[in-house]
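*Asks:* Let chain A serve as the given structure and place chain B on it in line with the hints.
Same order as they appear, the protein sequences are chains A and B. For the first sequence, the residue numbers in the working numbering are 1 to 264. For the second sequence, the residue numbers in the working numbering are 1 to 164.
None of these hints come from the bench; they were simulated from the model. One or more of the hints may lead you astray.
[As the list claims (entries may be wrong)] Computed from the model, here is a short list of chain B residues facing chain A with C-beta under 7 Å:
| hint | residue |
| --- | --- |
| 1 | GLY56 |
| 2 | ARG83 |
| 3 | ALA84 |
| 4 | ALA86 |
| 5 | SER138 |
| 6 | ALA144 |
| 7 | ILE164 |
[As the list claims (entries may be wrong)] Derived DEER-like restraints, expressed as beta-carbon distance ranges:
| hint | chain 1 | residue 1 | chain 2 | residue 2 | range |
| --- | --- | --- | --- | --- | --- |
| 8 | B | ASP94 | A | GLY35 | 35 to 41 Å |
| 9 | A | GLU221 | B | CYS111 | 41 to 47 Å |
| 10 | B | ALA72 | A | ARG257 | 33 to 39 Å |
| 11 | A | PRO256 | B | ALA26 | 32 to 38 Å |
| 12 | B | THR79 | A | VAL254 | 29 to 35 Å |
| 13 | A | ASP82 | B | ARG68 | 35 to 41 Å |
| 14 | A | ARG129 | B | CYS111 | 19 to 25 Å |
| 15 | A | ASP189 | B | CYS111 | 36 to 42 Å |
| 16 | A | ASP82 | B | CYS154 | 53 to 59 Å |
| 17 | A | ALA3 | B | TRP13 | 25 to 31 Å |
| 18 | B | VAL62 | A | ASP85 | 29 to 35 Å |
[To be verified] Every beta carbon over 12 Å from chain A, so not counted as near; a handful from chain B, in silico:
| hint | residue |
| --- | --- |
| 19 | TRP13 |
| 20 | ASP18 |
| 21 | GLU40 |
| 22 | VAL62 |
| 23 | ALA65 |
| 24 | ASP69 |
| 25 | LEU74 |
| 26 | LEU81 |
| 27 | GLY109 |
| 28 | ARG128 |
| 29 | SER131 |
| 30 | LEU137 |
| 31 | ASP153 |
Virtual Cβ for every residue (Gly too), placed ideally from N, Cα, C.
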Amino acid sequence: MVASIALKPDAHTRYVLRLADTCLVWSHRLSEWCGHAPVLEEDIALANQALDLLGQARALLTHAGRLEGQGFDEDQLAYLRDERDYLNVTLAELPNALVAGARGDFALTVLRNFFLSAWMLALWRALERSSDAELAAIAGKAAKESRYHREHAADWVVRLGDGTDESHRRMSAALDRLWPCTSELFDADEVDAAAAATGLGPAWDALREGWLADVQAVLAEATLPLPPAPAWRGDAKRGRHSEHLGPLLAVMQVLPRSYPGGVW
Amino acid sequence: MIGTMASRVDEAWRRLADVPDPEVPAISVVDLGIVRALAEADDGAIEVTLTPTYSGCPATEVIEASVRDALAPLGPVRTRLQRAPAWTTDWISDDGRRKLRDYGIAPPGRCAGGAQPVRVMSRVPCPRCGSERTERLSAFGATACKSLHRCIDCREPFEHFKAI
Chain A
1 MVASIALKPD AHTRYVLRLA DTCLVWSHRL SEWCGHAPVL EEDIALANQA
51 LDLLGQARAL LTHAGRLEGQ GFDEDQLAYL RDERDYLNVT LAELPNALVA
101 GARGDFALTV LRNFFLSAWM LALWRALERS SDAELAAIAG KAAKESRYHR
151 EHAADWVVRL GDGTDESHRR MSAALDRLWP CTSELFDADE VDAAAAATGL
201 GPAWDALREG WLADVQAVLA EATLPLPPAP AWRGDAKRGR HSEHLGPLLA
251 VMQVLPRSYP GGVW
Chain B
1 MIGTMASRVD EAWRRLADVP DPEVPAISVV DLGIVRALAE ADDGAIEVTL
51 TPTYSGCPAT EVIEASVRDA LAPLGPVRTR LQRAPAWTTD WISDDGRRKL
101 RDYGIAPPGR CAGGAQPVRV MSRVPCPRCG SERTERLSAF GATACKSLHR
151 CIDCREPFEH FKAI
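Isolated chain A (complex conformation) (with noise of 0.2 Å):
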């Protein structure tokens, strides 16, 4: 086995980390739909989707590395980071099942891409504004794909919520789970004020105001009522996660920490 690596990141790096680990995080759950969604559109829809993520967080952890300067590569950061280094946010973490050891819930995984998408476009479109040029030319090219992966995911909680009895019952019960998560999505903290001080991109806490109308007249669409604020704050991106990354990271680390430098 190889030794973890242990990362020195300032304000700069950790509000980039924030970005990259989510998209990383997220592309992992997304992939394990590979082969077992609904419907075959909807199996090619979430790989794809997870492929674009992946890309975005590759470009991301690259641009990580170059800014903690001990030389880490994108493959290191992903692979060799143990679980408190991991900064992404507990929405992008939770498993596809809304009960343990069930597969894939097909109304939480759209209403999770909503929720997390509609946030990404928003984070995206203030963040080509970014004084860090790299990471503005990252977010100009993931703006456009987030806009597509919104409006596909707002396609879904409508048809969903807005659809059965079952199917709707199924929505409300993902709504239930993931609402308290959202939350951390708007919990501005020093990183943020870092960045918002300097230019590098929005306290996060700014977003809430905008991602919450955009939510708000889909979940209306849907039929399904907005719930009140949650009381409950995730704290996954200051690296105390919940108990589903551990796991998460077991699987997507296992082979390159066995076998270090196998390539294909």
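*Replies:* Only chain B this time, still in chain A's reference frame:
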């Protein structure tokens, strides 16, 4: 080394016009608009600036390798990846659009001034019979850049190069 500076760059453009996109071989990397610049550096190397189509496009590395192979007879080659400005399907040449249609892929509409809403993509003209009575079957296709459609008149399914 062969030729003068201008003719080497011209020759490089001619050679790249024959390098197919690995996933849509009907059109070249030049038609696709992903070769953003070609120049001769001070040390004599040919520098090619490429831009990716999609962040996760798995063809990016293959394209870089094919470009280097195609230009190798002209001397040393360097490729550079440039993300900004982000690639848009508006950069696909008119010739490229015609080749896509001939190949059976509906070319993208223009998106300068803002991309079309995804739901509008249900009225993509059929590349075989030209009918606008078509419907979208799948928002995503065999590659990141395409969606799947069907013509209601000639009944043929077809792919569409999404406008981004």
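*Asks:* All the hints need checking, so say for each whether the structure fits it.
*Replies:* Cross-check of the supplied hints:
The beta carbon of B:GLY56 is positioned within 7 Å of a beta carbon in chain A (closest approach about 3 Å), and the interface hint is therefore held. With a least beta-carbon distance of about 4 Å to chain A, the hint placing B:ARG83 at the interface is held under the 7 Å criterion. Among the interface hints, the one on B:ALA84 holds; its C-beta lies about 4 Å from the nearest C-beta in chain A, closer than the 7 Å criterion. At its closest, the beta carbon of B:ALA86 sits 4 Å from a beta carbon of chain A; the interface hint therefore holds under the 7 Å criterion.
Given hint, B:SER138 at the interface with chain A, holds; its Cβ is 4 Å from that chain's nearest Cβ, closer than 7 Å. For the restraint placing B:ALA144 at the interface with chain A, the shortest Cβ-Cβ distance is roughly 6 Å, inside the 7 Å limit, so the hint holds. Nearest Cβ of chain A to the Cβ of B:ILE164: about 5 Å, under the 7 Å cut. The hint holds. For B:ASP94 and A:GLY35, the hinted distance range of 35 to 41 Å is satisfied, since their beta carbons lie about 40 Å from each other.
The supplied range of 41 to 47 Å is broken by A:GLU221 and B:CYS111, whose beta-carbon atoms lie about 25 Å from each other. Range check, B:ALA72 to A:ARG257: Cβ separation about 37 Å, and the 33 to 39 Å hint holds. Look at A:PRO256 against B:ALA26: about 37 Å separates their beta carbons, and that is inside 32 to 38 Å. For the hinted restraint 29 to 35 Å between B:THR79 and A:VAL254, the CB-CB distance of approximately 33 Å keeps it satisfied.
About 38 Å separates the C-beta atoms of A:ASP82 and B:ARG68, a value consistent with the hinted range of 35 to 41 Å. A hinted range of 19 to 25 Å holds for the C-beta pair A:ARG129 and B:CYS111, which are about 21 Å apart. At about 37 Å, the CB distance of A:ASP189 to B:CYS111 agrees with the hint of 36 to 42 Å. Remark: the range hint 53 to 59 Å for A:ASP82 to B:CYS154 is upheld by a beta-carbon distance near 57 Å.
For the hinted restraint 25 to 31 Å between A:ALA3 and B:TRP13, the CB-CB distance of approximately 49 Å leaves it violated. Judged by the Cβ atoms, the range 29 to 35 Å given for B:VAL62 and A:ASP85 holds: they are separated by roughly 33 Å. At roughly 25 Å, the least C-beta separation between B:TRP13 and chain A is larger than 12 Å, which holds for a residue marked as non-interface. For B:ASP18, the shortest C-beta to C-beta distance to chain A comes to about 27 Å, beyond the 12 Å cut-off, and the non-interface label holds.
Residue placement check: B:GLU40 keeps its beta carbon more than 12 Å from all beta carbons of chain A (closest about 25 Å). Interface exclusion of B:VAL62 from chain A stands, the closest Cβ pair being 14 Å apart, more than 12 Å. With a least beta-carbon separation of about 15 Å from chain A, B:ALA65 lies farther than 12 Å from that chain, consistent with its non-interface assignment. Against the 12 Å criterion, B:ASP69 stays outside the reach of chain A, whose nearest CB is about 20 Å from its own CB.
In this structure B:LEU74 is separated from chain A by more than 12 Å, as the shortest Cβ-Cβ distance comes to about 29 Å. Interface exclusion of B:LEU81 from chain A breaks down, the closest Cβ pair being 10 Å apart, not more than 12 Å. For B:GLY109, the condition that its CB be more than 12 Å from all CB atoms of chain A holds, with the nearest at approximately 15 Å. In this structure B:ARG128 is separated from chain A by more than 12 Å, as the shortest Cβ-Cβ distance comes to about 22 Å.
Distance check on B:SER131: its Cβ is at least 22 Å (rounded) from any Cβ of chain A, clearing the 12 Å threshold; non-interface status holds. The non-interface label for B:LEU137 is inconsistent with chain A: the shortest C-beta to C-beta separation is roughly 7 Å, within 12 Å. No beta-carbon of chain A is positioned within 12 Å of the beta-carbon of B:ASP153; the least distance is around 22 Å.
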